[in-house]
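Visitor: Sequence:
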Amino acid sequence: MIDTPRKKVLYILGTGHSGSTLLERILATDASTVSVGGVRYLDKYFRGESVVATDDTGHAAATSPLWGRMYDTPDRYLAAATATHTLNTGQKLRLFFGRPLGAPANFNYQYLYDDVRQIASELESREITTVIDSSKTVRSLAEIVSTVADEVYVLHLTRDVRGVANSNRRQGMRVLTAARYWLSDLVYGRVFLWWHVPRSHRMTVRYEAFVQEPEHWLTRINNVCGIAVDTTDFFSQLDRFPSYRFAGNQMRLRPITQLSLDEAWRRELPLWYRWMLAPLNLLRP
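In the numbering used here, the protein residues as written are -3 to 281.
Mixed in with the good hints, there may be bad ones.
What the hints assert, rightly or not - Quick list of simulated restraints, FRET-style, between CB atoms: (1) Pro61 / Arg170: 37 to 45 Å; (2) Arg122 / Asp68: 19 to 27 Å; (3) Asp235 / Ala145: 27 to 35 Å.
Hint data in this document are derived by calculation from the structure and do not stem from the laboratory.
Keep in mind it's a predicted model, so treat the numbers as computed, not measured.
Think of the CB as a built atom: it goes at the ideal place given N, C-alpha and C, for glycine as much as any other residue.
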């Protein structure tokens, strides 16, 4: 009897500017995976909105080798209502106490992931079992966990709050606003994982530790998630497969030959904010 490979979703949970694009690119070097970027923006990608108008190869949804085959049947994947990416107060309370989200899913995730696997496998002549989704939000993860039959593995990626705040500050966000988002994402992420994701299917990854010891952390990720990233030669494997990711930052397209820790916040963030925000890092797992 031939064992059928298990279908999996590898979800990157975190907050913006936490290093998820870098991590996703490296994980996608495993031949059994396909990375799709921030699926939570699929409705915007289909509509061609400016922030996510093209995938990594410059294709709009209608002409993308992968998404173009799904573009003509949006109702198969998109909910009838406009997608909502945030949690209201009632939903936060429900999640905090371990209750289901109590809201319809934004997308038909099972159809979406199944079709992504099938189309990508046909395009690239390789068997794909794992979809890497870097949507990052607790809401998206809650919807996925409650609606798909696939095994869901979660990497909770965290980064020093000062680094996240500084990256957001460059884009015009107030430092304290960025810190508040970081704190909310961290707390509700940890609470949701504690209630709804088995220990065997989740792990925490600190951005700083990953960059400094990638072999160690990739070995752990391989063991937990059942994938096979080459831990010693992943640089040569980067982007060996076509990328259909959309959303994310410029790290999506930048050549990578080494990993370096981004600590620009030590120079750019005002000293007062560095001191004031530092204690929040004690909450990181």
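Visitor: Report the numbers of all earlier hints that the structure fails to satisfy, in ascending order.
Guide: none
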